[in-house]
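Each protein sequence line maps, in turn, to chains A and B.
Here the first sequence stands for residues 1 to 276, numbered as in this note's numbering.
Here the second sequence stands for residues 1 to 541, numbered as in this note's numbering.
No wet-lab data here; the hints were simulated from the structure.
C-beta atoms are modelled at their ideal positions from N, C-alpha and C, and glycine is treated no differently.
There could be a bad hint or two in this list.
What follows is a set of in silico ranges between Cβ atoms, one per label pair, in the way DEER data are often shown [claimed, not checked]:
| hint | chain 1 | residue 1 | chain 2 | residue 2 | range |
| --- | --- | --- | --- | --- | --- |
| 1 | A | N261 | B | T357 | 19 to 25 angstroms |
| 2 | B | R85 | A | S65 | 52 to 58 angstroms |
| 3 | A | P64 | B | R434 | 31 to 37 angstroms |
| 4 | A | S65 | B | C193 | 51 to 57 angstroms |
| 5 | A | S65 | B | Y81 | 56 to 62 angstroms |
| 6 | A | E102 | B | R434 | 17 to 23 angstroms |
| 7 | A | E159 | B | I111 | 44 to 50 angstroms |
| 8 | A | P64 | B | I197 | 51 to 57 angstroms |
| 9 | B | G166 | A | D145 | 41 to 47 angstroms |
| 10 | A | E263 | B | R434 | 52 to 58 angstroms |
| 11 | B | L169 | A | E102 | 36 to 42 angstroms |
| 12 | B | V133 | A | E216 | 44 to 50 angstroms |
Below, computed lysine-lysine pairings styled on DSSO-like, alpha-carbon distance capped at 27 angstroms [claimed, not checked]:
| hint | chain 1 | residue 1 | chain 2 | residue 2 |
| --- | --- | --- | --- | --- |
| 13 | A | K125 | B | K94 |
| 14 | B | K94 | A | K167 |
| 15 | A | K149 | A | K167 |
| 16 | A | K209 | A | K153 |
| 17 | A | K149 | A | K274 |
| 18 | A | K167 | A | K125 |
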Amino acid sequence: MINQESTPAVQSTAETTEHTESTQASRGPAIEAHDLSVTYGTETALESVDIQIPDRQITAIIGPSGCGKSTFLRCINRMNDRIDAAAVSGALSFKGTNVYDESVDPVALRRRIGMVFQHPNPFPKSIYDNVAYGLRIQGISSEIDARVKLALKRAALYEEVSDSLEKSALDLSGGQQQRLCIARAIAVDPDVLLMDEPASALDPIATAKIEDLIAELSEEYTVVIVTHNMQQAARISDRTAVFLTGGELVEYDDTETIFENPEHDRVEDYITGKFG
Amino acid sequence: MAADGNTERTLSVDSRGRLLGLHATLFEAVLLGATLFGIVSLCILFGYIAFDAFRPLTASIRWYLLFAGTLVLPTTAFTLYARRRPAVRSANTKAFGAVGGALTVTLSTYIVVDALSPYDVVLCLLFGGYLPVVLWLIVRRTKRTPQTGLTIILAAVGGLAVAHGGYDLLRPIVGIAAQWIAYFGIVTLPVACGLWIFGRRRWSRQTARRAALSALGVVLLIVALALGLGIDPSFWVVVLSAFVIPVAVVIGEIGVTDPAGRIGSAGPFVLVGGLSAFLAVERQLGIDGPDGYLTATLLLESWHGLNASSAGVYPQIVGSIVTVGVMGVLAFPIGIGGALYLEEYAPRTGWSGRFATLLEVNISNLAGVPSVVYGLLGLALFRNALGFPTGIVLSAAGTLGLLILPIVVVSAQEALRSVPDSLREAAFGMGASRWQTLRTVVLPEAIPGMLTGTILALARAIGETAPLVIIAVATTKYSPPDGVLSSATVLPLQIFAARSNVDPAFRHGIVPAAAVVLLVLLLLMNTAAIVVRNRFDRRSQ
Numbered sequence: 001m002i003n004q005e006s007t008p009a010v011q012s013t014a015e016t017t018e019h020t021e022s023t024q025a026s027r028g029p030a031i032e033a034h035d036l037s038v039t040y041g042t043e044t045a046l047e048s049v050d051i052q053i054p055d056r057q058i059t060a061i062i063g064p065s066g067c068g069k070s071t072f073l074r075c076i077n078r079m080n081d082r083i084d085a086a087a088v089s090g091a092l093s094f095k096g097t098n099v100y101d102e103s104v105d106p107v108a109l110r111r112r113i114g115m116v117f118q119h120p121n122p123f124p125k126s127i128y129d130n131v132a133y134g135l136r137i138q139g140i141s142s143e144i145d146a147r148v149k150l151a152l153k154r155a156a157l158y159e160e161v162s163d164s165l166e167k168s169a170l171d172l173s174g175g176q177q178q179r180l181c182i183a184r185a186i187a188v189d190p191d192v193l194l195m196d197e198p199a200s201a202l203d204p205i206a207t208a209k210i211e212d213l214i215a216e217l218s219e220e221y222t223v224v225i226v227t228h229n230m231q232q233a234a235r236i237s238d239r240t241a242v243f244l245t246g247g248e249l250v251e252y253d254d255t256e257t258i259f260e261n262p263e264h265d266r267v268e269d270y271i272t273g274k275f276g
Numbered sequence: 001m002a003a004d005g006n007t008e009r010t011l012s013v014d015s016r017g018r019l020l021g022l023h024a025t026l027f028e029a030v031l032l033g034a035t036l037f038g039i040v041s042l043c044i045l046f047g048y049i050a051f052d053a054f055r056p057l058t059a060s061i062r063w064y065l066l067f068a069g070t071l072v073l074p075t076t077a078f079t080l081y082a083r084r085r086p087a088v089r090s091a092n093t094k095a096f097g098a099v100g101g102a103l104t105v106t107l108s109t110y111i112v113v114d115a116l117s118p119y120d121v122v123l124c125l126l127f128g129g130y131l132p133v134v135l136w137l138i139v140r141r142t143k144r145t146p147q148t149g150l151t152i153i154l155a156a157v158g159g160l161a162v163a164h165g166g167y168d169l170l171r172p173i174v175g176i177a178a179q180w181i182a183y184f185g186i187v188t189l190p191v192a193c194g195l196w197i198f199g200r201r202r203w204s205r206q207t208a209r210r211a212a213l214s215a216l217g218v219v220l221l222i223v224a225l226a227l228g229l230g231i232d233p234s235f236w237v238v239v240l241s242a243f244v245i246p247v248a249v250v251i252g253e254i255g256v257t258d259p260a261g262r263i264g265s266a267g268p269f270v271l272v273g274g275l276s277a278f279l280a281v282e283r284q285l286g287i288d289g290p291d292g293y294l295t296a297t298l299l300l301e302s303w304h305g306l307n308a309s310s311a312g313v314y315p316q317i318v319g320s321i322v323t324v325g326v327m328g329v330l331a332f333p334i335g336i337g338g339a340l341y342l343e344e345y346a347p348r349t350g351w352s353g354r355f356a357t358l359l360e361v362n363i364s365n366l367a368g369v370p371s372v373v374y375g376l377l378g379l380a381l382f383r384n385a386l387g388f389p390t391g392i393v394l395s396a397a398g399t400l401g402l403l404i405l406p407i408v409v410v411s412a413q414e415a416l417r418s419v420p421d422s423l424r425e426a427a428f429g430m431g432a433s434r435w436q437t438l439r440t441v442v443l444p445e446a447i448p449g450m451l452t453g454t455i456l457a458l459a460r461a462i463g464e465t466a467p468l469v470i471i472a473v474a475t476t477k478y479s480p481p482d483g484v485l486s487s488a489t490v491l492p493l494q495i496f497a498a499r500s501n502v503d504p505a506f507r508h509g510i511v512p513a514a515a516v517v518l519l520v521l522l523l524l525m526n527t528a529a530i531v532v533r534n535r536f537d538r539r540s541q
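With these hints in hand, go ahead and build the complete structure from the sequences.
So, in structure tokens, the structure goes:
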């Protein structure tokens, strides 16, 4: 299932952004986990997860609090490395490369897998500098203006901020800040966007805007979104994975199947609101 | 079930409620008493010192009337007027900030550079400052390397090494130039560059270049004028570049934007105008002011151990400022480095994690070690182990630097901890390395807090006496230090020495006057810390 011998797509190199193999790899899964387990000390956060996340589709991850949704998301771009106590076993591959391989540089990996967090966290810099951040740290200095403008347009924010690019990002509203964070993530043109409950801190109108945006982005990016909101998962995702307590992936299928005809009773109970 | 008579609840005050109320009032009164006791006793102490320093009773009524009429009344009237109008008030605050800040920077720069010899400073600046910047500009023009920061640091260190190694050869060459040229290089060029960089952001490129060039032109014009009149232009170069030009830029900016700003920026002029009028009238009419000890003589003259009326603490003030400056240069980078390691790099688990925790606990404990003990440490380290001559600025600054190091580390750790972790996550999530996250996100947020902590620590060290007595710093000196390797004394030590002078005028006049000078220095540093902190608060909102 996991092709360890294939040419590593992510290596310890600093230069990224332009990657040609994304068209060729569009058929196969973008992310593939096999027997993936995570423990924090003695506590198990993820228990032997097997999943294949398709390229250029929206995959929603739902489940009750503490079921390991965010842990799984943070495994994909190795954000769990920041927690000393987290121990990962099993295999997780991104475009055929095991991301936990010795030769993989987490910094280079994160440049191809962007992340949007639960609470909008723009840098206390200008709107322009926020979007240009990823480009600058990668040492890209050509056409920064054009790239910033494009990313803001794709994130459906350009119209609102085009006159005030030099203003502090902290002056924006919560919904605008979150779209700015999305613009910041896509400015460097990653392959995958990981979203950890991106709309949970926003009001319904801002949420609707973010959802429309995610739907549009899935034409170009593989989107993995963790959400507490089942209607949201049903509305926007192509595939849905249900994690239940204990870090177990109980069911993973097309969103329609999960919401209309789930295989497991526990999943049905969760979706219909009987527990969780 | 039914309520019987004696447990009936009423809403009126009963005896128990009255007793509880009495308790609360008494407790509040005791707390107020404790607060007042502290504040009142401090006020009495400071009042006593100030009374001895200024001797206000020796002045005539006419002097007080003149003082009130020229200084107190106009300033109070202006302040009351400005208080009602927010635009005027904010412009007034900015104008006063600019004048006060520029005045402090100008005077301390002139004092320190004059003490250390302008030629030495310009030599260091030439090789350690201008050379790296020029090199960095060339590197940036030709190649697009991300290592610009490293280039500039390496060039600066290399440049300083060259300046140090070739000192005997280079110093005479630099010495050919007139003194004002050295000051021009130390103050005017950086100010013009700063104006250019500031202007590019604030105005247009063209205006910025024009502003920088005209600043240089004005300074050169004044130099020519002074040379024509046969005056040494050195001091005026410093005043013009570090005081007049920045103040003019700030006040011009405020005034251009709105008429309220124009009124508000008049605040400092009301004060300065009042002061000049006061001095002119006082001299013209020969009115006697208070016969105090806190006079221009005290601030500007050298120490005189026999005659209190001609004794000054200028060498001690310079000694204190130079020591604090060197101390800051030594303690800030080391303290920040330690805090960065402990907060951002140190492992949290395993044996190495325990070691890091042990380090952290020990550093917090070191912040409470008595200063006399640090004196012994300084004696052992600088005098005995490194063999420094007794009582030089470097060993005094080093000893006090060790004393404040734990405080700097702890406050820098606090500043780093106050940077929200979500910002670090955002940077890491964008594919920033640990160093990039630190440099681009964490440090810009934490630096103001670190500076505030360091300034407060320096303010604590400026009053330290005991460790300096232990390392045998001279308690009396007649001239300011002329370098970090020359011996010097500081204000608190001189106060300590003057206290045992046979002449009572020293004990009851010079001592309190010098204490007021020390307190004013302390106040200035604390103000600087508060200003830095407030700027930070406003930005993070």
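We went through each hint and held it up to the structure:
| no. | hint | verdict |
| --- | --- | --- |
| 1 | A/N261 <-> B/T357: 19 to 25 angstroms | 54 angstroms, violated |
| 2 | B/R85 <-> A/S65: 52 to 58 angstroms | 53 angstroms, holds |
| 3 | A/P64 <-> B/R434: 31 to 37 angstroms | 34 angstroms, holds |
| 4 | A/S65 <-> B/C193: 51 to 57 angstroms | 55 angstroms, holds |
| 5 | A/S65 <-> B/Y81: 56 to 62 angstroms | 59 angstroms, holds |
| 6 | A/E102 <-> B/R434: 17 to 23 angstroms | 19 angstroms, holds |
| 7 | A/E159 <-> B/I111: 44 to 50 angstroms | 56 angstroms, violated |
| 8 | A/P64 <-> B/I197: 51 to 57 angstroms | 54 angstroms, holds |
| 9 | B/G166 <-> A/D145: 41 to 47 angstroms | 46 angstroms, holds |
| 10 | A/E263 <-> B/R434: 52 to 58 angstroms | 44 angstroms, violated |
| 11 | B/L169 <-> A/E102: 36 to 42 angstroms | 53 angstroms, violated |
| 12 | B/V133 <-> A/E216: 44 to 50 angstroms | 46 angstroms, holds |
| 13 | A/K125 <-> B/K94 | 24 angstroms, holds |
| 14 | B/K94 <-> A/K167 | 22 angstroms, holds |
| 15 | A/K149 <-> A/K167 | 15 angstroms, holds |
| 16 | A/K209 <-> A/K153 | 13 angstroms, holds |
| 17 | A/K149 <-> A/K274 | 46 angstroms, violated |
| 18 | A/K167 <-> A/K125 | 8 angstroms, holds |
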